[in-house]
Amino acid sequence: MHAMRIGMKVLFVDDEPSILASFRRLLRKEEYEVLNAGSAEEGLALLGKERVEVILSDQRMPGMDGIHFFQKVKELYPDTIRVILSGYADVNVILEAINKGEVYRFLAKPWNDEELKLNIRQCLEHFEIIRHNRELIQKTKDQNETLQRLNTRLESMLTAGTRSLEMAQEIVEIAPMPLIGVSREEEIVLVNGAAREFNQNLRAVLV
Numbered sequence: 009m010h011a012m013r014i015g016m017k018v019l020f021v022d023d024e025p026s027i028l029a030s031f032r033r034l035l036r037k038e039e040y041e042v043l044n045a046g047s048a049e050e051g052l053a054l055l056g057k058e059r060v061e062v063i064l065s066d067q068r069m070p071g072m073d074g075i076h077f078f079q080k081v082k083e084l085y086p087d088t089i090r091v092i093l094s095g096y097a098d099v100n101v102i103l104e105a106i107n108k109g110e111v112y113r114f115l116a117k118p119w120n121d122e123e124l125k126l127n128i129r130q131c132l133e134h135f136e137i138i139r140h141n142r143e144l145i146q147k148t149k150d151q152n153e154t155l156q157r158l159n160t161r162l163e164s165m166l167t168a169g170t171r172s173l174e175m176a177q178e179i180v181e182i183a184p185m186p187l188i189g190v191s192r193e194e195e196i197v198l199v200n201g202a203a204r205e206f207n208q209n210l211r212a213v214l215v
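As numbered in the working numbering, the sequence shown has no gaps in its residue numbers, which increase by one up to the final residue, 215.
Hints may be right or wrong, so weigh each one.
As the list claims (entries may be wrong) - Restraint-style ranges between C-beta atoms, simulated for each label pair:
| hint | residue 1 | residue 2 | range |
| --- | --- | --- | --- |
| 1 | 153 | 37 | 41 to 47 Å |
| 2 | 95 | 33 | 16 to 22 Å |
| 3 | 116 | 156 | 48 to 54 Å |
| 4 | 121 | 82 | 25 to 31 Å |
Said to hold, decoys possible - BS3-like mimics (lysine-lysine), calculated; alpha carbons at most 27 Å apart, straight line:
| hint | residue 1 | residue 2 |
| --- | --- | --- |
| 5 | 82 | 147 |
| 6 | 80 | 57 |
| 7 | 149 | 82 |
| 8 | 17 | 82 |
| 9 | 57 | 17 |
| 10 | 37 | 125 |
| 11 | 82 | 125 |
| 12 | 80 | 125 |
| 13 | 125 | 149 |
Just so you know, these hints were derived from the structure itself, not from any lab.
Just so it is clear, CB atoms sit at the ideal spot from N, CA and C, and this is done for glycine as well.
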């Protein structure tokens with residue numbers, strides 16, 4: 009379970025001032041900040057100024073209803089968790105809200121205070137899980153890109169090192185005197201023809 013960050017905000021959109029006042033009284037001691045809007049248009053204006061994690065909107069409002077409001081919210085602020093509040097348990101409304109506004113939950117009016125608090129907390133935790141997963145995905149992507157760059161650089165260095173070794177071998181090979189190249193690890197890495205011939209002659213003399 010992800011702990012809520014300080015400063016998270018929940019927006020309530022409802023055309024009835026008494027309901028908005030009830031929400032504010034009910035949630036005044038919660039860890040998150042409560043914002044109110046009296047219409048969908050007012051809610052959109054507020055979202056243009058405030059970063060909001062969870063939005064609970066009434067379905068039946070004058071002008072723009074909850075479903076069309078959430079359609080716009082989904083386009084403009086896709087990361088928000090959207091919840092429809094309605095006193096009408098209409099299956100078609102629920103399906104339309106889910107399909108058009110990608111609503112996370114559908115809560116009935118009148119609500120149970122404790123259930124409402126629990127649902128809001130779960131919505132905030134869901135938001136945090138999504139945010140955390142997105143950060144992990146981005147971090148993994150960044151790490152993969154870094155590894156790819158390192159692999160490309162390593163391949164270039166190895167290719168350059170191989171070419172340098174091949175060129176050195178060619179130069180050593182045509183030298184008239186016996187030449188042997190030894191690495192820092194005291195391993196023989198280059199031997200020219202004159203050195204191989206010298207080694208063969210030496211063996212013949214010893215035998």
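Status of each hint after checking the structure:
Checked against the hint of 41 to 47 Å, the pair residue 153 and residue 37 passes, with Cβ atoms roughly 45 Å apart. About 20 Å separates the C-beta atoms of residue 95 and residue 33, a value consistent with the hinted range of 16 to 22 Å. Checked against the given bound of 48 to 54 Å, the beta carbons of residue 116 and residue 156, roughly 51 Å apart, stay inside it. Evaluation of the 25 to 31 Å hint for residue 121 and residue 82 yields a pass: the beta carbon distance comes to about 28 Å.
With a C-alpha separation of about 25 Å, the suggested pair residue 82 and residue 147 falls inside the 27 Å cut-off, and the hint holds. Taking the CA atoms of residue 80 and residue 57, the gap is about 16 Å. The hint holds against a cut of 27 Å. With a CA separation close to 25 Å, the supplied pair residue 149 and residue 82 stays within the 27 Å bound. Proposed proximity of residue 17 and residue 82 is supported: the alpha carbons are some 17 Å apart, at most 27 Å.
A hinted pair counts as satisfied when its Cα atoms are at most 27 Å apart, and residue 57 with residue 17 qualifies at roughly 12 Å. The straight-line distance between the Cα atoms of residue 37 and residue 125 is roughly 11 Å, inside the 27 Å bound, and the hint therefore holds. Restraint check for residue 82 and residue 125: the C-alpha separation of about 23 Å stays at or below 27 Å, so the hint holds. Between the alpha carbons of residue 80 and residue 125 the distance comes to roughly 26 Å, so the proposed pair stays at or under 27 Å and holds.
Taking the CA atoms of residue 125 and residue 149, the gap is near 36 Å; set against the 27 Å cutoff, the hint is violated.
Consistency with the previously given hints fails for number 13 only.
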